[in-house]
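Numbered per our numbering, the sequence shown spans residues 2 to 189.
Do not take every clue at face value.
With a straight-line cut-off of 20 Å between C-alpha atoms, the simulated SDA-like cross-links for lysine to any residue are [unchecked claim]: (1) K26 to R101; (2) K174 to P162; (3) K98 to D67; (4) K26 to D138.
In case anyone wonders, no lab produced these hints; they're calculated from the structure.
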Amino acid sequence: MNNDWVAVLRAADAAARWHVHQRRKGAAEEPYMNHLLEVAMLVAEATEGRDPDLVIAALLHDAIEDQEVPRETIVTAFGESVARIVDEVTDDKTLPKDERKRRQATDAPTKSTRAKILKLADKTSNLRAIAASPPRDWSVKRRLQYVAWAREVKAGLAGVPDWLENEFEEAAKQAERSMVFRRLRPRD
Numbered sequence: 002m003n004n005d006w007v008a009v010l011r012a013a014d015a016a017a018r019w020h021v022h023q024r025r026k027g028a029a030e031e032p033y034m035n036h037l038l039e040v041a042m043l044v045a046e047a048t049e050g051r052d053p054d055l056v057i058a059a060l061l062h063d064a065i066e067d068q069e070v071p072r073e074t075i076v077t078a079f080g081e082s083v084a085r086i087v088d089e090v091t092d093d094k095t096l097p098k099d100e101r102k103r104r105q106a107t108d109a110p111t112k113s114t115r116a117k118i119l120k121l122a123d124k125t126s127n128l129r130a131i132a133a134s135p136p137r138d139w140s141v142k143r144r145l146q147y148v149a150w151a152r153e154v155k156a157g158l159a160g161v162p163d164w165l166e167n168e169f170e171e172a173a174k175q176a177e178r179s180m181v182f183r184r185l186r187p188r189d
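Between the sequences and the hints, there should be enough to build the whole structure, so can you do that?
Right, here's the structure in full:
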């Protein structure tokens with residue numbers, strides 16, 4: 002049995018347990034695990050399945066930030082390489098939200114290529130969620146601001162696979178279109 006597959010599945014199991022009560026902010030209130038799986042899938046496709054540690058980091062990317070999982074727990078279970086990537090994409094929650102967002106944009110160019118891929122996959126998933134099920138309390142203005150900010154972050158993520166950049170751009174366009182019009186059902 003391939004140990005990489007076992008490790009990926011162990012990470013999926015850990016992520017599901019750590020985020021069991023967490024829901025997406027959107028109106029559909031999807032289980033947060035759906036987001037983690039989507040990010041992992043985007044990373045796996047962008048790397049053509051050649052970087053299992055990055056897929057594991059994608060599954061665990063919000064564990065420290067959202068669930069306060071100790072870094073050492075990730076190191077022990079999944080290794081230093083995975084923990085280093087998770088660290089790179091983890092926001093410092095002691096900072097105000099505006100400062101965290103500013104740093105994501107300004108620090109993007111300094112990230113490792115692996116962290117850039119993970120960051121762009123995360124933003125792509127978030128944009129898809131805004132298009133499909135935006136948070137109920139987010140105005141059109143706030144959603145448009147999020148799209149603009151995500152594009153600022155993306156601008157600093159040079160060196161990621163073209164396929165992932167295209168997925169991001171399509172997700173951003175879908176998010177913008179979703180705020181302008183919805184397809185109307187034909188009248189009977």
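So, going through the hints one by one against the coordinates:
1. K26 to R101: Distance of about 18 Å is within 20 Å: holds.
2. K174 to P162: 19 Å, holds
3. K98 to D67: 14 Å, holds
4. K26 to D138: Satisfied, since the Cα-Cα distance of roughly 9 Å is no more than 20 Å.
Violation of the numbered hints given earlier is absent; every hint is satisfied by the structure.
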